[in-house]
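Protein chains: 4
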Amino acid sequence: MISIGVIGATGYTGSELLRLLAFHPMADVQVVTSESSSGQRVGEHFPGLYRYHDLVFTKLSREKLPELNLFFLCLPHGAAMEWTEKLLDRPTRVIDLSADFRLKSVVQFEKWYEQPHSAPHLCQQAAYGLTEIYREEIHQARLVANPGCYPTSVLLPLIPLLRAKLPIDPQIIVDSKSGVSGAGRNPGMKGQFVVVNENFSAYKAGRAHRHVGEMEEKLNQFSAKPVQLIFTPHLLPVNRGILSTIYLKFKTPVTPNTLHEIFKDAYREDNFIRILPPGELPQLVAVRHSNRCDIGFLCLNNNQNAIIVSCIDNLLKGASGQAIQNMNLLFDLPETTGLPLEGVIS
Amino acid sequence: MISIGVIGATGYTGSELLRLLAFHPMADVQVVTSESSSGQRVGEHFPGLYRYHDLVFTKLSREKLPELNLFFLCLPHGAAMEWTEKLLDRPTRVIDLSADFRLKSVVQFEKWYEQPHSAPHLCQQAAYGLTEIYREEIHQARLVANPGCYPTSVLLPLIPLLRAKLPIDPQIIVDSKSGVSGAGRNPGMKGQFVVVNENFSAYKAGRAHRHVGEMEEKLNQFSAKPVQLIFTPHLLPVNRGILSTIYLKFKTPVTPNTLHEIFKDAYREDNFIRILPPGELPQLVAVRHSNRCDIGFLCLNNNQNAIIVSCIDNLLKGASGQAIQNMNLLFDLPETTGLPLEGVIS
Amino acid sequence: MISIGVIGATGYTGSELLRLLAFHPMADVQVVTSESSSGQRVGEHFPGLYRYHDLVFTKLSREKLPELNLFFLCLPHGAAMEWTEKLLDRPTRVIDLSADFRLKSVVQFEKWYEQPHSAPHLCQQAAYGLTEIYREEIHQARLVANPGCYPTSVLLPLIPLLRAKLPIDPQIIVDSKSGVSGAGRNPGMKGQFVVVNENFSAYKAGRAHRHVGEMEEKLNQFSAKPVQLIFTPHLLPVNRGILSTIYLKFKTPVTPNTLHEIFKDAYREDNFIRILPPGELPQLVAVRHSNRCDIGFLCLNNNQNAIIVSCIDNLLKGASGQAIQNMNLLFDLPETTGLPLEGVIS
Amino acid sequence: MISIGVIGATGYTGSELLRLLAFHPMADVQVVTSESSSGQRVGEHFPGLYRYHDLVFTKLSREKLPELNLFFLCLPHGAAMEWTEKLLDRPTRVIDLSADFRLKSVVQFEKWYEQPHSAPHLCQQAAYGLTEIYREEIHQARLVANPGCYPTSVLLPLIPLLRAKLPIDPQIIVDSKSGVSGAGRNPGMKGQFVVVNENFSAYKAGRAHRHVGEMEEKLNQFSAKPVQLIFTPHLLPVNRGILSTIYLKFKTPVTPNTLHEIFKDAYREDNFIRILPPGELPQLVAVRHSNRCDIGFLCLNNNQNAIIVSCIDNLLKGASGQAIQNMNLLFDLPETTGLPLEGVIS
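Heads up: the protein sequence lines correspond to chains A, B, C and D, in order.
First residue of the first sequence? That's 5 in this note's numbering, and the numbers climb one at a time after it.
First residue of the second sequence? That's 5 in this note's numbering, and the numbers climb one at a time after it.
First residue of the third sequence? That's 5 in this note's numbering, and the numbers climb one at a time after it.
First residue of the fourth sequence? That's 5 in this note's numbering, and the numbers climb one at a time after it.
Errors might be hidden in some of the hints.
As the list claims (entries may be wrong) - Computed Cβ-Cβ distance ranges for the label pairs, DEER-style:
hint, chain 1, residue 1, chain 2, residue 2, range
1, A, Lys115, B, Thr341, 51 to 59 angstroms
2, A, Lys208, C, Leu304, 52 to 60 angstroms
3, D, Pro29, C, His143, 24 to 32 angstroms
4, A, Glu118, C, Met30, 32 to 40 angstroms
If you're looking for bench data, these hints aren't it; they were derived computationally from the structure.
Computed from a predicted structure; not experimentally measured.
C-beta: ideal position from N, C-alpha, C; glycine also.
Pulled out of the complex, with its shape left as it was, chain A reads as follows:
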């Protein structure tokens, strides 16, 4: 069994982790922390949870933390860097679900997150936890920086195409739509039912969203010429899920078959990536409550353009599911252990 602590367990990613770990045959969650809810039982907050119903939230305290095999950090950006450093003093591993170690470039981090980085040396040690792409680095890492939800939905389809040196125009338009849990569990008017329901809107359009920095850094590891994203996230009135519509322009035509081959090759061994036949586009429902990423595409204008659509559940492949996939990798378990391949029908 893997002894586990979930640090910051009352947010969406923390609680979804608890839910998923309840189905994991090797997970032994021993510690759950919450500053706001310490002393309460998990079941009081999340009556749907069963296995960890009677576990009690504690305050986060370095002294009181037992030695555990693994910590999942579900703290806000900024708080995570500090605690990662403290936790890694001991012989353990950390999967950090915040943004603190996602960027290799500390300069870029400080630009996008508008705060100094207190542990820049760890940025280099951290493996970027996009499992299918960075499997080897993750396997050897003590610290995994779990990717952002939008980046997961955008990088999984784009990296294989860039790696294959397709003649892609470096300006790529990404029009993403995310369910409400993507914005985190912060009470506020913006997330109120009456505000979101029967509504739809774009926010932080263009190059204003922090995930642009994360996506471009990773894409540029696979591209000779720097990629420039134009990225418009939208708020979708559903609980969970991200669908990204990606518009590519080719300098010379690229056939659907070429695209399909590249995708199939790239993810041949990967159970969690499903490539649809050319011309078929995925829908959100099929990945809801699943750790899959479904990718479809079509070519148009005599193969001078392509539209790619990718779908993930932002709380699974986009956060807690991928974190457990990384845990499986770290502890030499089959990658699918305890994780749902099935989406829902309704």
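Knowing the structure of chain A, use the given hints to seat chains B, C and D on it.
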């Protein structure tokens, strides 16, 4: 492994069965039938499904059906009785998710369903599949009549109280609210998004819904005096879930502690029934995608009245989940095998 | 033109008032106040509003308030009583949308709202603003206490029946379901999209909700024997609307025709009340964005029981719409002036 | 008063027309036709409707149709062309809400709609009913071809920019999201609540949607160089509304002020078009139940790109509302007569 056929696998209960069986370690689904979609793959209809993605729907044909350990029947009322008889000719077992064998009284069946019963002898042999209550009968049965969704949510809280001979006024008001999948997968205006969304309505109120017959027959097995239900189902703009609000009047006061003791006693061994502390009421989300039934209650008017609230996922404990629970019982597996105890958080 | 001030205009009832008054040919809104948003324009908060887009929210100050024909008070309970007294010092009228003057009995107010009443003399002067029932009192009043949303949906169907001295068992069960805007515009976890969407739950069941006091006081003005409500409100995942399912027991049978006659008689002149034929039940969508209350019913058990279903839009007939209906009455305009009779289709 | 017939009045556009006409001071709806529901009253189908509650649907018959000032045609594509010709035999006017006369080019019509055109001469006579752009043609027309919903949301922002001869790259990416009523009132699995709710998907992506032909024909009237759209419509789980996100590339930089000036100039007199300040983007809720189109934009990459977001209610400005706006124009009424400028708050 248990070899399984799912007859009528494109409706909500059939497809949810497939989804759940994908997580079941002993299930080997070999046959899926569909009249309207024969020749297509499961994955074409239900892109979220993964394990049974490439299984092909066949037409239902007695000759072509292989010998299997178990058939789940997800056919419409009326069609099920005929096929059950044919299937039970061979050495197999049948869990029927239609209403055809739920009533012991053929007279009552014919009154509520307005059609003759073609296999009345099987009504007597069938075990009513409300697992926690009829466990022994189910264990020995070849034919299990899986309960209706509303009856499951109403019988689980009421039977223990009647069995305990509490002084309950025989007129019991049940105000139920069901998600849209409860109405089945029939295209039509009534189930259209634009009709249901942002709407709410009662239907078949009073004593018009067929489940009244099923509920009263079972309740009266545990009640000296015949119970009379006043039952109002409502259509809730959610995909899944039933919440029933039940109003009891006592002839002499009954304390919350008495109620709580009776509930705890009745379901002491039952993982899928969660009894909340007196005064706490359950919510739908906590049982969504779980096979649980959560039950809460409060007493009022000097303990002369009680309000009970029960919640289930109509596709799990209210249909396909309970069917698998019954399968586990039939094949001597632990009852929770392959079934989710956890609900969702969002 | 009627010069109008809306005090506390950023909550749901205040902003819906502004929206409705934009369609009113005689309304001249001159003042809108908001403590949290003073200095901002209406259009910044509510981009959907057009006519009052450039009006600026001011802080509430007795000195700075101009003389106006009418004030709508949309302040929290407790704050309203104080400001009502101050405003009525001058020659104006007040329609108070809080609960502060709904109860004639100050003792009952203080019991249900757990605070002393600072202006008990005004409780007697205030007319209870259930327009169809208390038209004469309202017409002569300077202060109108606009009813609660649940009470509007319950009193409109019940008062005519009690007034007709039908042999109704005094214990009446009311099972109500309300959209999320009924809970007010308070940011908090309980109103978050992810918490409410795909969920459903009961709250303050039995006799715990404050509207029980308001409903019983009004019902008992029309009943020889005190009525006792058992009232369970539920939170419905829709923006707006209340559907109440009311269960009556008769000591001697009452026919559907009798009920229908009483309802038709009671509301013969009332455009905003629609009585459905016996056996037909209303749905929420038909009254959404309308100031109507739709009432349907059926009898059962040889006319010994009846089920009544009523529907309103909680922001219109349940709050701001009825407030404008009362304004029309106060200023001798036709009651339907500027108010929508039409509901929506989608 | 304008005597009116609504032909095909049970679909979404027909019934929304009825709803809106109920608020119109000059509308006198005398005839409503429906093939499937002839003999029924309007109120049976649409219990929310009040003013036309007792009007009876008739079958469409040339002989029985009285002489009326105006017919709104809400028939399916193909059926409308035939009936338009018949109706225009008499002295009346027709506003056709189908696609049959939207394209001036009969060749293009027959290509996109895959059927011959039976009344090609009328294509030339028909005025394209995008009111703000084609006001003069509409004013003089007997036949108005009311625009498609997607085209309305795309043409209103793009035409002023093309007319101003901005250096726009002719390949324009349009990522649109539409509520479910946009797909029409056809029962079928695709529109079922359980299929749409908590789901999101793209359809007919690239150049497959018929509205591409309509949009390009109109855009090219204002563009020296042919525009080529890449257009991805998505199905949004809301009842109504379209939000289009439009991506422009400029050959030489264009400042936000230039864009803002062009928009403000273009729509200076137009009450139904609201231009937001540079950098602010509109949301769907603000135009719901309003006849407005809200347009926002931002520039990026040193003003070499722009993102424009437009919002309409697909049933109002995108269909029935604009049809009434055109009626007002045809009958010399102020364009806003009877039409809501206000959107909703919730």
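Hints and how they fare:
no.: 1; hint: A:Lys115 x B:Thr341: 51 to 59 angstroms; in the structure: holds (52 angstroms)
no.: 2; hint: A:Lys208 x C:Leu304: 52 to 60 angstroms; in the structure: holds (56 angstroms)
no.: 3; hint: D:Pro29 x C:His143: 24 to 32 angstroms; in the structure: holds (28 angstroms)
no.: 4; hint: A:Glu118 x C:Met30: 32 to 40 angstroms; in the structure: violated (52 angstroms)
Violated hints amount to a single one, hint 4; each of the other numbered hints is respected by the structure.
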